[in-house]
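The listed protein sequences correspond, in order, to chains A and B.
Under the working numbering, the first residue of the first sequence is numbered 2, with each subsequent residue one higher.
Under the working numbering, the first residue of the second sequence is numbered 5, with each subsequent residue one higher.
It should be emphasised that the hints constitute simulated quantities derived from the structure, not laboratory data.
Check before you lean on any hint, since a few could be wrong.
Unchecked claim - Below 25 Å or equal to it, Euclidean Cα-Cα: the simulated BS3-like pairs (lysine-lysine) are:
1. B:27 with A:115
2. B:26 with A:158
3. A:46 with B:103
4. B:19 with A:111
5. B:33 with A:116
6. A:111 with B:33
7. B:27 with A:111
8. B:26 with A:116
9. A:46 with A:115
10. B:26 with A:71
Claimed, not checked - Some chain A residues well away from chain B (every beta-carbon gap over 10 Å; in silico):
11. 53
12. 105
13. 130
14. 133
15. 142
16. 175
17. 223
Said to hold, decoys possible - Label-pair ranges, simulated between beta-carbon atoms:
18. A:111 with B:185: 37 to 47 Å
19. B:185 with A:109: 51 to 61 Å
20. A:141 with B:227: 27 to 37 Å
21. A:138 with B:227: 25 to 35 Å
22. A:111 with B:13: 34 to 44 Å
23. B:47 with A:27: 47 to 57 Å
Bear in mind that the values here come from a model prediction, so they are computed numbers and not experimental data.
Don't be surprised by glycine CBs; every beta carbon is placed ideally from N, CA and C.
The lines below spell out each chain.
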Amino acid sequence: MIEVKNLYKHFNGRTVLSDICTSFEQGKTNLIIGQSGSGKTVLMKCLIGLYQPDEGTILYDDKDLSKMNKSEHQLLLQEMGVLFQGSALFDSMTVSENVMFPLTMLTNQKENEKKERVDFCLERVNLSHAHDLYPSQISGGMKKRVAIARAIALNPKYLFCDEPNSGLDPKTSLVIDQLIYEITHEFNITTVINTHDMNSVMEIGETISFIYQGQLWWKGSNSEILTTDNQEVNDFVYASKYAKAMFAAQRKNI
Amino acid sequence: MKILQVIGEYLFLMKRVFVRPKKMSYFRKQLIQEIDDLGLQSLLIVSVISLFMGAVLTIQTSLQTESPWIPTWTIGFVVRQSVVLEFSPTIISLFLAGKIGSSIASEIGTMKVTEQIDAIETMGINSASHLLLPKIIACGIVNPLLVIISIFLCLIGGWFACEFMSTIPSQQYLEGLMSFFRPYDIYYALIKTFVFAIVIASVSGFYGYRTEGGALEVGRSSTQAVVNSSFTLLFFNVVLTKIFLG
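Just chain B, with the same shape it has in the complex:
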């Protein structure tokens, strides 16, 4: 029953969030700020993770497929499919759930316990929409861009592994990357990432918003936000995979 209550509270909050902003000019400013804070600040770490994971994925795939019956170019194909379908959209989103989710939950939670949210409400401003809508939209814009960059860098990481670690001839890796390419896989990855981004920002915002107490509770909310947005993300991963590929 408790989970139903939590879902109900979440939906009720979202009803307050998704309304037209009071001042569009101010909202645009907030949105740009959030794109910078939540998205661009994650660019470096996402790039580093992607480069190394791409290299590791290529090395491991080549080790698992050492057989005269399997053509070498399939390694590039398998790496591309793994990166596009699962690694970049899901693993990077899970990483962002930790980074962005805890940041949103602790920011909103601190504002709640220090009465900043009450201050906004007493001015007659919808605090839920004012604080959460720019974050949710910023994540919806930036996370798919981060995933595109991640896909690209993963594949480059794989190429590095071929070129400098002599995993497989890089020409064959590139041939594999370009084999049986379906643009639909990219759309699938981007749609998935967009949904994950909305989940991460809204669930984290929700846990920040229901914080009561002090510093201890802010920390607790932050943890809950990461754990629950990760669970929700994994649940949607199964649902979306079934819908689009099943």
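Just chain A, with the same shape it has in the complex:
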């Protein structure tokens, strides 16, 4: 479980995150949603340690991230898997070398053990045929799946996904969402997903934190988000004319 308490982050005097208090539960897909520029990515970068918060605490299973010593922090990083928005695969490496990279760098496994693990991870994301391809030779959806395979290579306790569906068609997005959902439950991972894709919210949003102008504005589940009275959440969820008409019809029925 990850807990965030009174988190603040400023850039050049501008407050990007203000008094964020929330938690992300183990074995669940925890979504952070909000408009572009609301502070979602900054929050995620604070969680994974790429940004230092100006105030507040982040607790990983009750251990304060800011108070961890170097070896504890190193250990925590090895328990994290991160799926970046653009997949962040290493261009100079093949698919299997990408997945093997964390195993080579961070474990003392023998070559055949590493190969077994790579085979397992690639099979889990349905890419057992793509071992020798380079990132430039595969599609956007496949890149995301390779990135997921790399993220789970070290059996992480925490999985962070920054806009996993960006640039993907709705059908491929659904495949990625389902894959993340299945992996989260299969391996009992604390998964945090940054998204503004409403399809993802409805498909896999077990807990949803809505960030608005750098503040935690609303928290609930995917069933609650459609019926909340929160104006900003409704503006986000029913942003299109089509969705607004649906919202009005739904209200009428209620």
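Given chain A's structure and the hints, the job is docking chain B onto it.
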């Protein structure tokens, strides 16, 4: 003040770069790859430049010293000294600053803007050391070797000019090449090249590493890397010449 900030950032990055690699076996593999990418891939162009420049240098020197008072063998001597002391270490290094420097800066810059560096950091790996240390060491090994080859080919180029263009009798050119030879000049050239190699790789890596944005900024970083590593190289050229020969 900005320049002090940049120097501070550079030194801070270098502090992260020069640490023991996490996995020595992986580092060795990377090093061999970098020696091939940064060094051996430059061999052909360095050889061609050196051969032609050696020939041109010999022709021009002979044209400037057409006097009955100056013995013909001095042309070979002057060519050798110019090549060993300045042409090969400095001009070839400036050329490598353009070729290797832009390659390092654009590679690292692209990795930065596509979050590949963030991906390495989130695995708990020191990305600065992982990416830059093999490149810096590879340049430190390969550039002096390229300069030795360049010196050799420049002198051969000069010999071609004598033999096939009748610039001066080739026997006298060879006599000049062997006159007043000091091994110290070669050490000086190699030390200079080694320092230049470290400057080229580290400054270019630094500019790649501080890239923020997208493709446009990667191009900008690449240009900045070449310009600034060339300036730094020329500055060190003066300093080292003063220290070793002044």
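Going through the hints against the structure:
With a C-alpha separation of about 15 Å, the suggested pairing of residue 27 (chain B) with residue 115 (chain A) holds against the 25 Å cut-off. In summary, the hint linking residue 26 (chain B) to residue 158 (chain A) is supported, as the alpha carbons are separated by about 23 Å, within the 25 Å threshold. Of the supplied pair hints, the one linking residue 46 (chain A) and residue 103 (chain B) is violated, its CA atoms being roughly 35 Å apart against a limit of 25 Å. Note on residue 19 (chain B) and residue 111 (chain A): the hinted pairing is violated, with a Cα-Cα distance of about 32 Å set against a maximum of 25 Å.
For the hint pairing residue 33 (chain B) with residue 116 (chain A), the CA-to-CA distance comes to about 18 Å; that is within 25 Å, so the pair holds. Note on residue 111 (chain A) and residue 33 (chain B): the hinted pairing holds, with a Cα-Cα distance of about 17 Å set against a maximum of 25 Å. In summary, the hint linking residue 27 (chain B) to residue 111 (chain A) is supported, as the alpha carbons are separated by about 14 Å, within the 25 Å threshold. Proposed proximity of residue 26 (chain B) and residue 116 (chain A) is supported: the alpha carbons are some 21 Å apart, at most 25 Å.
Taking the CA atoms of residue 46 (chain A) and residue 115 (chain A), the gap is near 29 Å; set against the 25 Å cutoff, the hint is violated. Note on residue 26 (chain B) and residue 71 (chain A): the hinted pairing holds, with a Cα-Cα distance of about 15 Å set against a maximum of 25 Å. The non-interface label for residue 53 (chain A) is consistent with chain B: the shortest C-beta to C-beta separation is roughly 13 Å, beyond 10 Å. Consistency note on residue 105 (chain A): stated as away from chain B, yet its beta-carbon is not over 10 Å from all of that chain's, at 6 Å minimum.
Residue 130 (chain A), annotated as away from the interface, keeps every beta carbon of chain B farther than 10 Å; the closest lies near 24 Å. Every CB of chain B lies more than 10 Å from the CB of residue 133 (chain A), the least distance being 18 Å, so the non-interface label holds. Listed as outside the interface, residue 142 (chain A) is consistent with that label: its C-beta sits roughly 17 Å from the nearest C-beta of chain B, beyond the 10 Å cut-off. Every beta carbon of chain B lies more than 10 Å from that of residue 175 (chain A), the smallest distance being close to 24 Å; the non-interface claim holds.
The claim that residue 223 (chain A) lies off the interface holds: its Cβ sits roughly 28 Å from the closest Cβ of chain B, which is beyond the 10 Å cut-off. Distance hint check: the CB atoms of residue 111 (chain A) and residue 185 (chain B) are about 54 Å apart, inconsistent with the given range 37 to 47 Å. A hinted range of 51 to 61 Å for the beta carbons of residue 185 (chain B) and residue 109 (chain A) is consistent with their spacing of about 53 Å. Separated by about 30 Å at the C-beta atoms, residue 141 (chain A) and residue 227 (chain B) satisfy the suggested range of 27 to 37 Å.
The beta-carbon spacing between residue 138 (chain A) and residue 227 (chain B), approximately 30 Å, falls within the hinted interval of 25 to 35 Å. Between residue 111 (chain A) and residue 13 (chain B) the CB atoms are about 41 Å apart, so this pair conforms to the stated range of 34 to 44 Å. Between residue 47 (chain B) and residue 27 (chain A) the CB atoms are about 56 Å apart, so this pair conforms to the stated range of 47 to 57 Å.
Comparing the model with each earlier hint shows violations of hints 3, 4, 9, 12, 18; every other hint is respected.
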